[in-house]
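K.L.:
One-letter residues, chain by chain:
There are 2 protein chains.
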Amino acid sequence: MTDLLTIGRNAKQASQQLSQLSSSQKNTLLQAIAQQLKQHQDSILAANEQDMKAAKSQGLTHAMLDRLLLNHERLQGIINDIDNVIALADPIGNETENRLLANGLELKKRSIPLGVLGVIYEARPNVTVDISVLALKAGNAAILRGGRETRLTNLALLHAIECALTEQGVAKAAIQLISDPNRALVGELLRLDQYVDMIIPRGGPKLQQLCLEQATIPVITGGIGICHLYLDKHADFDKSLAVIVNAKVQRPTVCNALDTLLIHSDIDTNTMASMLAELERQQVQLKVCERVAQRLPAYAQHKATAVDFDQEWLSLVLGVKLVDDVDAAIEHISQHSSGHSEAILSDDNDTINRFVDSVQSAAVYVNASTRFTDGAEFGLGAEVAVSTQKLHARGPMGLEALTSYKWIANGNYTPRS
Amino acid sequence: MTDLLTIGRNAKQASQQLSQLSSSQKNTLLQAIAQQLKQHQDSILAANEQDMKAAKSQGLTHAMLDRLLLNHERLQGIINDIDNVIALADPIGNETENRLLANGLELKKRSIPLGVLGVIYEARPNVTVDISVLALKAGNAAILRGGRETRLTNLALLHAIECALTEQGVAKAAIQLISDPNRALVGELLRLDQYVDMIIPRGGPKLQQLCLEQATIPVITGGIGICHLYLDKHADFDKSLAVIVNAKVQRPTVCNALDTLLIHSDIDTNTMASMLAELERQQVQLKVCERVAQRLPAYAQHKATAVDFDQEWLSLVLGVKLVDDVDAAIEHISQHSSGHSEAILSDDNDTINRFVDSVQSAAVYVNASTRFTDGAEFGLGAEVAVSTQKLHARGPMGLEALTSYKWIANGNYTPRS
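Those protein sequence lines, which keep their order, are chains A and B.
Residue numbers 1 to 417, in full-length UniProt numbering, belong to the letters of the first sequence in order.
Residue numbers 1 to 417, in full-length UniProt numbering, belong to the letters of the second sequence in order.
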């Protein structure tokens with residue numbers, strides 16, 4: 001039987017050891033993890049094949065199967081990302097804000113590990129490694145709860161990680177996996193505030209809400225991207241089309257893929273028609289607003305319903321809506337966005353500035369694809385999650401999001417006057 | 001009847017106006033608040049007198065009465081603190097981390113307001129002004145829920161603030177007070193996630209736990225200080241005594257006052273006796289550990305019970321415990337501290353470093369009083385709260401803790417490759 005109190009206590013204890021490792025000790029540990037993953041790659045891929053087989057027989061969606069799949073190339077990509085994290089500066093022990101206060105104290109802030117992370121995620125095996133590596137680099141322990149569909153893959157990945165921890169003399173409890181599928185364990189994890197410092201739910205709206213409702217530990221919500229792209233009338237339409245196609249088609253199953261295209265209503269009907277035709281050639285299924293259907297009767301059978309503009313599609317579906325100006329686009333986004341990623345395509349500076357100033361999502365793109373919202377693309381090495389809330393961390397969460405700090409004040413037997 | 005949905009909606013709307021104010025508009029608004037508080041000071045102090053009278057007749061503790069009291073000097077102090085906030089740099093609109101990414105995008109982070117703050121606090125009228133001023137300076141709206149004992153004072157303070165908002169053309173809903181004493185409103189506020197971005201509970205353990213259990217909005221816990229001071233054997237005992245007395249006696253009713261004194265067991269009994277005697281001369285009531293009672297039989301009647309070392313006293317009580325070395329002090333702190341403020345008095349660098357490296361509380365003092373954990377003392381202008389959690393903000397929370405950020409990426413019709 002899985003005993004979460006023991007898991008929590010052991011994680012806390014391991015986190016104390018981790019907080020005292022030097023930068024080079026931590027990097028050596030990460031190198032060892034990369035090496036063990038390479039050495040165990042056959043068993044990892046074999047485990048994933050079993051998970052995939054079971055998942056297919058259970059009729060998982062294409063999006064879920066794509067997330068679950070680990071092949072040689074993807075595993076190599078995951079291992080290569082570890083090198084990126086090794087190359088990053090150690091986020092711990094930095095002293096900033098050195099100040100001599102009016103009261104005579106020398107005050108500074110020193111970055112410290114958060115402690116123990118609790119991460120609950122869907123069936124994406126890359127997350128198991130990404131989070132372990134980032135957690136350890138920032139001196140944290142982690143308790144992982146992966147999707148049940150990826151159980152065997154995760155056990156195989158964890159075995160490799162544990163080999164590296166043991167080899168380097170670090171407590172195995174530094175990274176622990178709750179592999180027992182009993183759902184009640186999630187609720188227990190969310191209330192393990194005695195030992196866990198932060199909960200990161202990576203999954204759909206139901207999981208996020210469950211965590212917000214039940215957790216007594218701070219929760220970082222995110223990962224749900226209802227992403228918008230606004231095509232202004234002042235834009236290069238050929239180049240724009242390439243960006244729109246990229247945002248929608250390149251990897252439609254992930255959170256930074258485009259969900260809704262907002263088109264300035266002054267753009268002429270032929271231009272619009274040829275753009276939508278190209279999207280259809282790329283297998284995109286359009287859900288258009290009333291006004292698009294009026295101007296292009298060929299789409300009368302593809303009209304969007306009321307809820308379609310509140311969907312994170314995670315597939316090749318795309319909502320298309322006409323708006324009369326940038327303010328209408330901003331208003332639509334403020335009502336329908338999940339605060340993840342939005343883009344504007346425009347050559348007009350005033351319009352661009354209005355959009356950038358008014359859209360308060362975690363990532364705002366000017367003449368670029370929404371697909372860039374990603375820790376590696378942002379130069380953060382890898383990412384633990386993409387936060388769509390406003391506290392602590394926003395957008396792709398890298399190492400810094402896994403740290404806290406303490407204030408240190410030096411005096412000379414100084415009382416407060 | 002108080003309609004929290006309307007309060008929330010109006011706050012959100014006001015926050016949009018506030019996010020667009022320039023630095024000078026915000027500073028002019030704060031000046032107007034200072035002026036209106038001065039103009040209304042008679043009615044404010046009269047309201048406080050009524051609150052004090054009622055509180056005394058209800059038998060509130062001395063600590064609560066002291067927190068509730070507003071006199072001319074304290075009100076002037078609160079108004080003067082507004083000038084400090086005006087003098088601070090605007091935390092909004094700063095662009096940092098300008099980077100040209102490998103993918104060709106120009107990426108930067110821009111600081112933005114959090115949005116709407118929900119603050120639940122005990123009967124401390126200064127909090128009403130401090131929070132309003134800091135919230136506005138950072139472009140945020142705030143919904144305040146003050147202690148019922150300070151209801152009339154808060155209404156008077158809010159009236160002055162509203163006069164300033166109106167005078168400056170800012171929506172009155174920028175700062176709202178839930179003055180209806182119905183307790184169910186707190187629960188409703190904690191679930192107003194559609195409109196409120198952050199909850200700050202300033203109050204005792206019960207309020208903090210209530211917020212953690214019930215809120216669907218991120219909560220910043222804090223303000224509970226079980227503060228320790230470790231007196232090492234290598235220390236100047238005369239100077240140390242002055243710091244200990246300051247930490248305990250200067251203002252015993254606040255969260256950064258000393259709760260437990262840890263004394264190195266090598267310090268000789270006479271020195272210890274004379275220090276404890278001086279504390280008693282200062283009206284401090286000692287609760288000593290078994291070993292102190294053995295060495296100083298005069299304190300046999302003052303022995304601490306099991307729970308006494310887990311108390312935030314908020315009064316002139318002080319726990320006293322012998323420890324055999326700095327590691328024992330660190331261990332005691334890690335088990336009993338609330339993560340607020342701890343201090344070491346020592347002249348030995350190795351001992352100091354061991355303490356500073358291992359104690360992970362929000363504020364760690366070397367040869368200084370714990371009483372310095374305070375936004376104004378830290379040069380933050382004023383403070384919204386003292387956070388004892390590890391996410392988002394730690395220790396005294398000033399303006400920066402009231403901001404979020406967004407990532408802005410500029411491309412040239414850039415798809416992700």
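Worth double-checking, as some hints may not be accurate.
No copy is singled out in the list; a pair is fine if it fits within one copy or between any two copies.
What the hints assert, rightly or not - In silico DSSO-like cross-links for lysine-lysine, where the CA-CA straight-line distance does not exceed 27 Å: (1) Lys206 / Lys53; (2) Lys109 / Lys303; (3) Lys12 / Lys287; (4) Lys239 / Lys108; (5) Lys38 / Lys206; (6) Lys287 / Lys233; (7) Lys287 / Lys239; (8) Lys38 / Lys109; (9) Lys233 / Lys53; (10) Lys172 / Lys53; (11) Lys56 / Lys206; (12) Lys172 / Lys56.
Calculated from the structure, these hints are not laboratory results.
K.L.:
Of the hints given before, which are not true for this structure?
P.N.:
Result: hints 2, 3, 5, 8, 9, 10 and 12 break, sorted rising.
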